[in-house]
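Add 377 to a position in the sequence shown, counting from 1, and you land on the number used in this note's numbering.
FYI, nobody ran anything at the bench for these hints, they're computed from the structure.
Some hints here could point you the wrong way.
[Unchecked claim] Pairs of lysine-lysine, PhoX-like flavour, derived with a Cα cap of 20 Å: (1) Lys-440 - Lys-475; (2) Lys-516 - Lys-504; (3) Lys-405 - Lys-475.
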Amino acid sequence: MKAYETTAGRSWIAMHVLQNHVQAELQKRNSSINIEQLLLLMELDWEDGLRPTVLAERMLRSKGTLSSLIRHAERGELIASAADPSNRNAKRIFLTQKGKRLHDELAPVVTSVLQASVGHLSREHQKIVEDAMDGIIRKFHPGWFDQ
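From just these sequences and the hints, can you work out the full model?
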């Protein structure tokens, strides 16, 4: 049996297809940003002034990957960093006005694609899928729900 013939394998393929579709829709509107960078902006729009370690945990990325995302977003003037007043060795990341405008333009694309992806399911079936996905997240990254 191939991996994608299992329930979890099918889910894995579906998420890959969904991510590729979101990326393609973003590129139609703005070729200067990718889905990972937009996710960074979305996290900062939700809660600005986070430390990179918190962002890495929330985005399920390594510190190295997040450092690269931060570096590129700073070059593009989408975010800015400042020293953390409570810890001289740490910094906090903030959304710039340019980053906020880009977020406000593109975040609805993500929402629309995500909603459309389950539009064929009744609310009852969506709840079953949500419970299944929550179970997978809890198994492999239980702390994600505590953030």
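Hints versus structure:
no.: 1; hint: Lys-440 - Lys-475; result: violated, 24 Å
no.: 2; hint: Lys-516 - Lys-504; result: holds, 18 Å
no.: 3; hint: Lys-405 - Lys-475; result: holds, 19 Å
The structure does not agree with numbered hint 1 stated previously, though it agrees with all others.
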